[in-house]
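All chains, full assembly: derive it from the sequences and hints.
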Amino acid sequence: NAGVTQTPKFQVLKTGQSMTLQCAQDMNHNSMYWYRQDPGMGLRLIYYSASEGTTDKGEVPNGYNVSRLNKREFSLRLESAAPSQTSVYFCASSEGVTGANVLTFGAGSRLTVL
Amino acid sequence: AQSVSQHNHHVILSEAASLELGCNYSYGGTVNLFWYVQYPGQHLQLLLKYFSGDPLVKGIKGFEAEFIKSKFSFNLRKPSVQWSDTAEYFCAVNGSGNTGKLIFGQGTTLQVKP
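So the protein sequences, as listed, match chains G and S.
When we follow the numbering used here, the leftmost residue of the first sequence carries the number 1, and every step to the right adds one.
When we follow the numbering used here, the leftmost residue of the second sequence carries the number 1001, and every step to the right adds one.
Read the hints as simulated data drawn from the structure, not as lab findings.
It is possible that part of the hints are untrue.
Below 30 Å or equal to it, Euclidean Cα-Cα: the simulated DSSO-like pairs (lysine-lysine) are [stated by the list, open to error]:
1) S:Lys1061 / G:Lys9
2) S:Lys1069 / G:Lys57
3) G:Lys9 / S:Lys1049
4) G:Lys71 / S:Lys1049
5) S:Lys1049 / G:Lys57
Structure below.
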């Protein structure tokens, strides 16, 4: 099984451009998450989807939108990219919706905004 | 709001040295606690977790962690590190009953010298 798959792995954008990061999981997990990782700041939650059909804001949602397309897929969109959004983005999924669940992470997408 | 603090940002050890990485969290209720590891060029992997029961939990590759409720701590330990333990280590917490969203610490980079 592939687990959690993210595309693209690398992307360079100019300020103001838009793009969508794709994420798919094949583990039949209910919950999915988008995090960003910045040096010295750990991982911060952008948005999450506790179950198909629901999405909610995390710690740093400004400048992002998400879509839970179906149970497998959860995309993250940058409508107008800014240099502050240069980061490594990780998608994750978990089986359940309670706290006692382990997150499985994708390999990450490195985004640079010039 | 929940928060997680990792005391050491960068640790350098020689092989066979003992390791202890500090983690403190801020949350008033029942918590679930995790340590994740990110090896160079790889995605985050679960090292160990605590949900309930024995406060001393063992994980992969000889790692263990102890949950001390009175100190709001979940420190990671390993008696003898190896060069292959060079990685970034993240402590994470969520409140029991929440969705599976995790709050991460800033991360600790461990460099093991052969």
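Comparing the hints with the structure gives:
1. S:Lys1061 / G:Lys9: Between S:Lys1061 and G:Lys9 the Cα gap is close to 28 Å, so the pair holds against 30 Å.
2. S:Lys1069 / G:Lys57: holds, 29 Å
3. G:Lys9 / S:Lys1049: This hinted pair holds, its Cα atoms lying about 28 Å apart.
4. G:Lys71 / S:Lys1049: At roughly 26 Å apart (the allowed maximum being 30 Å), S:Lys1049 and G:Lys71 satisfy the hint.
5. S:Lys1049 / G:Lys57: It holds: about 25 Å lies between the C-alpha atoms, which stays within 30 Å.
The structure meets every hint from the earlier list without exception.
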